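For the protein sequence lines, the chains are A and B, in the order given.
Heads up: the first sequence begins at 4 in this note's numbering, then just goes up one per residue.
Heads up: the second sequence begins at 319 in this note's numbering, then just goes up one per residue.
Hints in this document: simulated from the structure, not taken from any laboratory.
Just so you know, these numbers come straight off a predicted model, no measurement behind them.
All residues carry an ideal CB built from backbone N, CA and C; glycine is no exception.
The reader is advised that the hints may include incorrect statements.
Claimed, not checked - Where chain B lies over chain A, by a calculated footprint (3+ residues, C-beta under 8 Å):
| hint | region |
| --- | --- |
| 1 | 44–57 |
| 2 | 208–216 |
Claimed, not checked - Calculated lysine-lysine pairs in the PhoX-like style (CA-CA distance at most 20 Å, straight line):
| hint | chain 1 | residue 1 | chain 2 | residue 2 |
| --- | --- | --- | --- | --- |
| 3 | B | Lys-590 | A | Lys-5 |
| 4 | B | Lys-590 | A | Lys-243 |
| 5 | B | Lys-356 | B | Lys-601 |
| 6 | B | Lys-515 | B | Lys-462 |
| 7 | A | Lys-107 | A | Lys-5 |
| 8 | A | Lys-243 | A | Lys-229 |
Claimed, not checked - Partner residues aside, some chain B positions facing chain A, computed with beta carbon under 7 Å:
| hint | residue |
| --- | --- |
| 9 | Gly-343 |
| 10 | Glu-347 |
| 11 | Gly-349 |
| 12 | Val-352 |
| 13 | Asp-353 |
| 14 | Asn-355 |
| 15 | Val-368 |
| 16 | Ile-378 |
| 17 | Tyr-382 |
| 18 | Pro-394 |
| 19 | Gly-395 |
| 20 | Phe-586 |
Chain by chain, the residues:
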Amino acid sequence: MKITENGIVVKNKNIAPNIYDLTIRLPQISALAKCGQFVDVYPDNGANLLARPISICEINGDKLRLVFQVVGAGTRLFSVLSEGQSIRVLGPCGNGYALTEGNKFILAGGGIGVPPLLETAKNLVDKGEVEVFLGFRSGSFLTEDFEKLGVKVHIATDDGSVGFKGNVVDLMKSLDAKADIIYSCGPKIMLKFLAEYAEKRGITAYVSMEERMACGIGACVGCVVKIKDGDGYVHKKVCKDGPVFDSREVVWQ
Amino acid sequence: MIDTRVKIAGVEFKNPVTTASGTFGSGREYGEFVDLNKLGAVTVKGVAAVPWLGNDTPRIAEVYGGMLNSVGLQNPGAEYFIREDIPFLRQYDTKIIVNVCGHSIDEYVNVVEMLRDADVDMLELNISCPNVKEGGMTFGTDCKMIEKVVGEVKKRAKQPLIVKMSPNVTDITETSKAAEAAGADALSMINTLTGMKIDIYRRKPVLANKIGGFSGPAVKPVAVRMVWQTFKAVKIPIIGMGGITTAEDAIEFIMAGATMTAVGTANFINPKTTEDVVSGIEKFMNENKIKSLDEIRGIID
């Protein structure tokens, strides 16, 4: 079930270059939300009529925490929202991560793919051992939030400014990280390498994908990804069939 | 007491509000946000004889006052539609209009034949999609082709036939008259305007298909003008659409000559728009003491 709700901004803070930590009071959507889902946030102005899909970083009672990156005019508008302002939100969208049984879980995130793994980590800590691999271009964010959960956190940066120098999958390779299930979110190229990593080791990996979207609810058929189907492929909707897919189903290009 | 009912080709709709094909799926996704019983009709996403994969991504680009899309009519095919979507929609007290697409006259005819025994109220012939290489708009911008495809489809169609018109023509009254002459029972307009957006940093078009269909509030003046011109040129009813976001927008189309109106891109901006437009029209009629929409339809000289 999805609904539209006018949320009230509780907090909005710049936590890294172009990265904002936005908390919105959304009682109805928060009550329905699960880890790995996203919400559609509306800029509501003539130049930016379409909603921006933003992953759910944390569900805290009647509030949602959204950690997003400013990538254009729409997200720039969200970056200047201040406490007490109202914002129109639709959600929760998508299926989120399937919390499968297992003894050990790896969470692998890249850049703005890191935030949705926080709520996922909160859901997994009681189920088994959780090891987190976070990759950034330069610097890092949200790492303390993961550490607070008592999980092991490994950091990789492209420029070596924090932790391992290189990408997150190379970091996992260097440690030969193993688990029953990998939950991941990040740029397509990272997810592709992660899919190969998981397949080689026989690990089930769930990847959360992104595409340009209009409606966020499965009607416009804009945000499709290629999913294997027999010898060919079909186009599945990121917003409705995903955003999480089993990495073995995805046609990686 | 107001009467919002309208009639097109013998089919009665409880109010003049439907959905623009491709913006509402088959209604399922929107059932969470609006009461489908309140809509005059649901016009479903384009249905082909066989499943279509559609175009590569990105398929969506945002532009001022609207968006571009190049979905390319991805759809699961007529068999799926008949099996899954018709029973779903028939749970509701609303009419069903099926948008029919094809790459060739044979394919269009194939779909309407598959739909002969299907429980749907009207057909809408999509000869105006700008996102398919064969069929679509290539049929809808040439009067001779329009006459041919509409004529062939009309011969085989069991349900009344609406022809969806392309705005990407020099004179929409000419193409409209061609559709009317070939037997169209009604016209719907406008489909999207062809458009393009370039990412100046990547030096590439934003859409994988390079060009796409422009829709949204920004196209409304173009659409209103085309409905107004066409209303004066043909005798068959018009379903007006293009940027309708509010009841006031829909009323403009009716005053320009539309019998019915459709909400399109606005569904993406606010999933409750269709229901808001229906209640807004009722409010407008009450406030302005309009008993029937016949009183205001086509009143603009």
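Evaluation of the provided hints:
1. Figure legend: the region 44–57 of chain A, annotated as covered by chain B; annotation consistent (7 residues with Cβ-Cβ distances under 8 Å, at least 3 required).
2. With 3 residues carrying a beta carbon less than 8 Å from a beta carbon of chain B, the region 208–216 of chain A meets the three-residue requirement, and the given coverage holds.
3. Taking the CA atoms of Lys-590(B) and Lys-5(A), the gap is about 12 Å. The hint holds against a cut of 20 Å.
4. Restraint check for Lys-590(B) and Lys-243(A): the C-alpha separation of about 18 Å stays at or below 20 Å, so the hint holds.
5. This hinted pair checks out: Lys-356(B) and Lys-601(B) have alpha carbons roughly 15 Å apart, not beyond 20 Å.
6. With a C-alpha separation of about 32 Å, the suggested pair Lys-515(B) and Lys-462(B) falls outside the 20 Å cut-off, and the hint is violated.
7. Of the pairs offered as hints, the one joining Lys-107(A) and Lys-5(A) is violated, with about 32 Å between alpha carbons and a cut-off of 20 Å exceeded.
8. Distance check on the hinted pair: Lys-243(A) and Lys-229(A) sit about 14 Å apart at the alpha-carbon level, within 20 Å; holds.
9. Hint on Gly-343(B) holds. Least Cβ distance to chain A is approximately 4 Å, under the 7 Å limit.
10. The closest approach between the C-beta of Glu-347(B) and any C-beta of chain A is roughly 4 Å, which is under the 7 Å cut-off, so the hint is satisfied.
11. Interface hint status for Gly-349(B): violated, as the beta-carbon distance to the closest one in chain A is roughly 11 Å, over 7 Å.
12. The interface hint given for Val-352(B) is violated, since its Cβ lies 11 Å from the closest Cβ of chain A, which is over the 7 Å cut-off.
13. Taking 7 Å as the C-beta cut-off, the interface hint given for Asp-353(B) is violated, the closest approach to chain A being about 14 Å.
14. The closest approach between the C-beta of Asn-355(B) and any C-beta of chain A is roughly 19 Å, which is over the 7 Å cut-off, so the hint fails.
15. Taken as an interface hint, Val-368(B) does not check out: its beta carbon lies about 13 Å from the nearest beta carbon of chain A, beyond 7 Å.
16. Look at Ile-378(B): its Cβ gets to within about 4 Å of chain A, closer than 7 Å, so that hint holds up.
17. With a cut of 7 Å, the hint placing Tyr-382(B) at the interface with chain A holds, because the nearest CB-to-CB distance is about 5 Å.
18. Hint on Pro-394(B) is violated. Least Cβ distance to chain A is approximately 9 Å, over the 7 Å limit.
19. Interface restraint check for Gly-395(B): the shortest CB-CB distance to chain A comes to about 12 Å, outside 7 Å, so the restraint is violated.
20. The beta carbon of Phe-586(B) comes within 4 Å of a beta carbon in chain A, closer than 7 Å, and the hint placing it at the interface holds.
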